[in-house]
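Chemist: Here is what each chain is made of, one letter per residue.
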Amino acid sequence: MTSLSVNHLLGIKNISKNDIELIFETADYFKEIINRPIKKVPSLRDITIANVFFENSTRTRLSFELAEKRLSADVINFSSSSSSVKKGETLLDTINNILAMKVDMIVMRHASPGAPHFLSKHIDANIINAGDGTHEHPTQALLDTYSIREKFGEVKGKKIAIIGDILHSRVAISNIYALQKLGAEVMVCGPNTLLPKFIKTLGVHVELDVEKALQWCDIANVLRIQLERQEIKYFPSLREYSIYYGISKALLDKIGKPVTIMHPGPINRGVELNSDVADSDAAIILHQVENGVAVRMSVLYLLASNKTPLN
Amino acid sequence: MSIPYVCIDNVDFLIFLMQKKLLLDHQLFEITIQRLCQQLIENHNDFKNTALIGLQPRGIYLADRIKATLEANLGYNIDLGYLDITFYRDDFRRREKPLKANATSMPFIIEEKKVVLIDDVLYTGRSIRAALDAMSAFGRPELVELLVLIERKYTRHLPIQPNYIGKSVNTMQSQRVQVEWSIQGAKKDNIWLINKTDTE
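Those sequence lines, one after another, are chains A and B.
The numbering used here numbers the first residue of the first sequence as 1 and each following residue consecutively.
The numbering used here numbers the first residue of the second sequence as 1 and each following residue consecutively.
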């Protein structure tokens, strides 16, 4: 297989295991490229990509922009805070205006779940979902699973515990889909109030005790408490959350076996993860960030590779 | 049957009529590689400032063989890298079926070095153009040369000519050159000229 089965990357749910493996294999080659003295290839030189971010983002946006530039694409950036969205323009109008400027691909982050799916039904450009509300964040899941594959050789058979605010996390949902498609076992762990009601229907283990979760898993993917999405209090205080669910070196030592620690960032140090863990050799957090560029290059390259006549 | 072909000599005509023609058998193959290595040694002496680069996916087998033969002659290690050109091709988004990339392994930089690009078959020259582009990510070489096992004559799309040629052959667009390597599982090292319609 040399091309993806889809024209858009809307979510991991919509792609196959073969797609994921092709993305990983291509990312291997891009990872070699971004470690060269000259970290750039000319593949996408005739392509213009718009990064359309209706929600705040630092690392995803930087990572996409770097990936696009490493592939020689022309890049335009859009953020809703400084745009006509504030003046009442609809999503479709905004995007159609951007496309009228001859843009080939859209990378979009939006607060509404399903926004990129809606767009894909109305426009021709390739769309990459960079996070839609609490729904999916496919490139984050791809780079997380890619990092696991890099460290362990394969994802199949590994046990991964996703710990933290599962209810508000698009990273958790996309990770569950990706890990299961690749044959891993997944557990979610967090306070009952931060676990979605029907999470078991996804075929994951559920654990309320973080110590038991760490004992079970090979890899712990620790998520941030998304206070910005929480309109009500789900737990008494951050301090209490940290006491019951925060991961410290003392806790890992108590487990008595190696557990690889991942985090999609940004880390709230001292809340879900202590500095003595985040900065330890057990953490592969910065590898995840590096792999993010390679994986995004791979996704952009593969989505752009379908035959397209020059106009 | 009308033959849309300008016959240059009898061998070419025979090649056309046969379904599959042996261009180099394993003995000639080995002699050709020895000769190419001797030509390289004439121009590069001790290879102290020379690096070999095999082009993925098929040039690397020839590059490996050239390296091994040179090292057997000279008695010391010679730099060899593998270069993949997929991301530098000029037909991206223009092919019906995208091409799969391969690994690049360049454990040295080529700044101020003499570089010998190595590929099995030279046809349109477009791969070599892409390789020249890809190579520049690893520095600015002092000199670049091209070595090929088979040169298909009169088929170039670009002004690119090899410095070292195993064998030059007249071919048609409907034919392809197949290099079989024993290291890849073939019985012997052989090079065939095949009519495309028979197998593709």
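Keep in mind that the hints were calculated from the coordinates and are not lab data.
Among the hints, a few may not be true.
[Unchecked claim] Here are the simulated DSBU-like pairs of lysine-lysine, each with C-alpha atoms no more than 35 Å apart in a straight line: (1) A/249 x A/151; (2) A/307 x B/48; (3) B/97 x A/151; (4) A/197 x A/39; (5) B/100 x A/151; (6) B/196 x B/167; (7) B/20 x A/31; (8) B/196 x A/17; (9) B/113 x A/40; (10) B/114 x A/40; (11) B/113 x A/254; (12) A/121 x B/196; (13) A/159 x B/100; (14) B/188 x A/40; (15) A/121 x B/153; (16) A/181 x B/100; (17) A/40 x A/200; (18) A/13 x B/97; (19) B/21 x A/31; (20) B/67 x A/307; (21) A/151 x B/67; (22) B/48 x A/181; (23) B/167 x A/233; (24) B/196 x A/39; (25) A/69 x B/100; (26) B/67 x A/31; (27) B/97 x A/40; (28) A/307 x B/196; (29) A/233 x A/159.
Chemist: Are residue 20 of chain B and residue 31 of chain A close enough, with their CA atoms no more than 35 Å apart?
Modeler: With Cα atoms ~41 Å apart, residue 20 of chain B and residue 31 of chain A exceed 35 Å; violated.
Chemist: Within a Cα-Cα threshold of 35 Å, do residue 114 of chain B and residue 40 of chain A meet the stated pairing?
Modeler: Status holds; Cα separation ~23 Å.
Chemist: Mind checking the alpha carbons of residue 113 of chain B and residue 254 of chain A for me, to see if they're no more than 35 Å apart?
Modeler: violated (55 Å)
Chemist: Is the Cα-Cα distance between residue 233 of chain A and residue 159 of chain A 35 Å or less?
Modeler: holds (31 Å)
Chemist: When you check the alpha-carbon spacing of residue 13 of chain A and residue 97 of chain B, does it fall within 35 Å?
Modeler: At roughly 25 Å apart (the allowed maximum being 35 Å), residue 97 of chain B and residue 13 of chain A satisfy the hint.
Chemist: Has the given pair, residue 181 of chain A with residue 100 of chain B, been kept, meaning a C-alpha gap of at most 35 Å?
Modeler: Status holds; Cα separation ~22 Å.
Chemist: Taking only the CA atoms, is the gap from residue 48 of chain B to residue 181 of chain A under or equal to 35 Å?
Modeler: violated (50 Å)
Chemist: Taken at face value, is the distance from the CA of residue 31 of chain A to the CA of residue 67 of chain B at most 35 Å?
Modeler: Judged against 35 Å, a Cα distance of about 27 Å means the pair holds.
Chemist: Given the hinted pair residue 197 of chain A and residue 39 of chain A, is their Cα-Cα distance within 35 Å?
Modeler: Judged against 35 Å, a Cα distance of about 45 Å means the pair is violated.
Chemist: Given the proposed pairing of residue 97 of chain B with residue 40 of chain A, does the C-alpha separation stay at or below 35 Å?
Modeler: holds (24 Å)
Chemist: Need the status of pair residue 249 of chain A, residue 151 of chain A: alpha-carbon distance at most 35 Å?
Modeler: holds (21 Å)
Chemist: Take a quick look at whether residue 97 of chain B and residue 151 of chain A sit within 35 Å of each other, Cα to Cα.
Modeler: Holds - the C-alpha atoms of residue 151 of chain A and residue 97 of chain B are around 32 Å apart, at most 35 Å.
The earlier numbered hints that this structure contradicts are 2, 4, 7, 11, 12, 14, 15, 17, 19, 20, 22, 23, 24.
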